[in-house]
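S.K.: First to last, the protein sequences are chains C and L. For the first sequence, numbering that gives the first Met the number 0 assigns the number 0 to the initial residue and increments by one for each residue that follows. For the second sequence, numbering that gives the first Met the number 0 assigns the number 0 to the initial residue and increments by one for each residue that follows.
Hints were generated in silico from the structure; no laboratory data involved. It should be emphasised that the depicted structure is a prediction, and the values quoted were computed from it without experimental measurement. Cβ coordinates follow ideal geometry from the N, Cα and C atoms, glycine included. Treat the hints with care, since some could be wrong.
To be verified - What the simulated footprint calls covered on chain C by chain L, stretch by stretch (three residues with Cβ under 8 Å from a Cβ of chain L suffice, anywhere in the stretch; the number is not a length): (1) 68-75; (2) 94-100.
To be verified - Pairwise CB distance ranges, derived in the manner of DEER restraints: (3) 137/L x 75/C: 12 to 22 Å; (4) 45/L x 27/C: 33 to 43 Å; (5) 28/C x 146/L: 20 to 30 Å.
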Amino acid sequence: MSDIKIRAKLSGDETTVKCLMSHPMETGLRKDSKTGEKIPAHFIQEVVCKHKDQIVMTASWSGGVSKNPYLSFKFKGGAAGDPIEITWTDNKGESQSATENIA
Amino acid sequence: MIDAKRRTLLKGSITAGSVGVAIGAGLLTPQLVLAEWNESAFKAKDIPTALTDLLGGDSAETSDKIKIKAPDIAENGAVVPVTVETDLEGVTSIAIIASKNQTPLIAGFDLGESALPFVSTRIKMAETADVVAVVKAGGKLYQNAKSVKVTIGGCGG
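Isolated chain L, as found in the complex (with noise of 0.2 Å):
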């Protein structure tokens, strides 16, 4: 599995934000490209780590560009739907972060250039938060926040 020369190509090619020409330019089979899972920033237990590992940088303007659709009280902190949309262009990530969580890093996703800027998946929170949805958009890092209250954890046993 663990192949330097591989992982080189793949880390240039994503810097280059140009995987579907590595594919076209038969650089790449589709099965390469799967990037490696960032372990470093999803163990992180602060943000400002997980977004320097994830995403390159730990500053973000804020921008009400992004909309965060998510309970204003979540009952069950288990299933916390979250929706990120923006108007930002040159969007290439979205992050989603639930400050107060052990790991606070949730997901990240990374979009081709077809992808529109919207995601939407359900997240566990452990207490009352801020849900953060961080965007890379042409090089820079936007965030906006939503607070969410929790009524029952989702992360404990």
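Chain C extracted, bound-state conformation (with noise of 0.2 Å):
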């Protein structure tokens, strides 16, 4: 079960990749409204992209990032049904991971 996903579409030799993830990327400066308590900070600090295995782009993030964050990049050489895998890390040391093909 993940909650990446990815899209990956082919146009001449370029590979486009647009992922969603789902992630609170709370940036340890915002109050709860009730408390009046900081929320810890919990974000998404690095994610990495893979196409066959080789790492095409690394992204490392602070908390500026986007709730729930969108990522897009583009590559040259991907061929149709190759696999592309996304993983992210937060500052909690969870991850995630998911693959998908290009279509």
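Dock the two chains into a complex; use the hints.
M.R.: Put into structure tokens, the structure is as follows:
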């Protein structure tokens, strides 16, 4: 079960990958409106994007990326059916991964 | 987790821009190539410190070859779509900065050999400010900025 949605589309020799992750992305600066206490930081720090086990891109994020992050990137050399793997790791050490084939 | 030797190896391979080569040579399994999250850069409160920590320099030449796509007016600062694209050759990293956020550095992207210099994501902005994109290409830094007017800030509580 994974909460990462990936769509990878080939056009000419360029593959466009779009993905959506489910994550609260708390900066650690926000306060709970009822208690006035700070909500602890909880955000994705790193996203690794792989095409056939080769890293295409590594993203490093702060809590400044919006909740339920969207990420899109492009690369060359993909072919229909190739697997795209996206893995994120957050500041609590939690991690999630998903794979989708290029359409 | 913290293994001094591994860190040195990582740093070495990243500076040389040859992570892929390192994998090919069997030096590193893909799992180990995860660059360590750059805490000092992301916690920096000013842009020069963040850039120096992330990209190794803070003097970036302004270039109109960097195209930033972002709304002129963002009604909701919690979700501001930003796309950075460039015609520059040999791009290895792209960084996105919201100049007036408490911690301005939002995201850094390290591009592999096959990646095209294009990234798109959604960011939070505390107030009306410039969205700055810094691109590292051929070892040099280039930047461009776009002003985004924020009606409701997305970082407060």
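S.K.: Can you take a look at whether the stretch 94-100 of chain C is actually covered by chain L? Rule is 3+ residues, C-beta closer than 8 Å.
M.R.: violated (count 0)
S.K.: Measuring from beta carbon to beta carbon, are residue 28/C and residue 146/L in 20 to 30 Å?
M.R.: holds (23 Å)
S.K.: Between the stretch 68-75 of chain C and chain L, see if three or more residues pass the 8 Å beta-carbon test, and mark the coverage as holds or violated.
M.R.: As far as the stretch 68-75 of chain C goes, the hint holds, because 8 residues have Cβ atoms under 8 Å from chain L.
S.K.: Look at the Cβ atoms of residue 137/L and residue 75/C and judge whether their distance stays inside 12 to 22 Å.
M.R.: This hint holds: roughly 18 Å between Cβ atoms.
S.K.: Kindly confirm whether 33 to 43 Å is satisfied by the beta carbon distance between residue 45/L and residue 27/C.
M.R.: 19 Å Cβ-Cβ, so the 33 to 43 Å window is violated.
Hint compliance for this structure: hints 2 and 4 are not met, and every other hint is.
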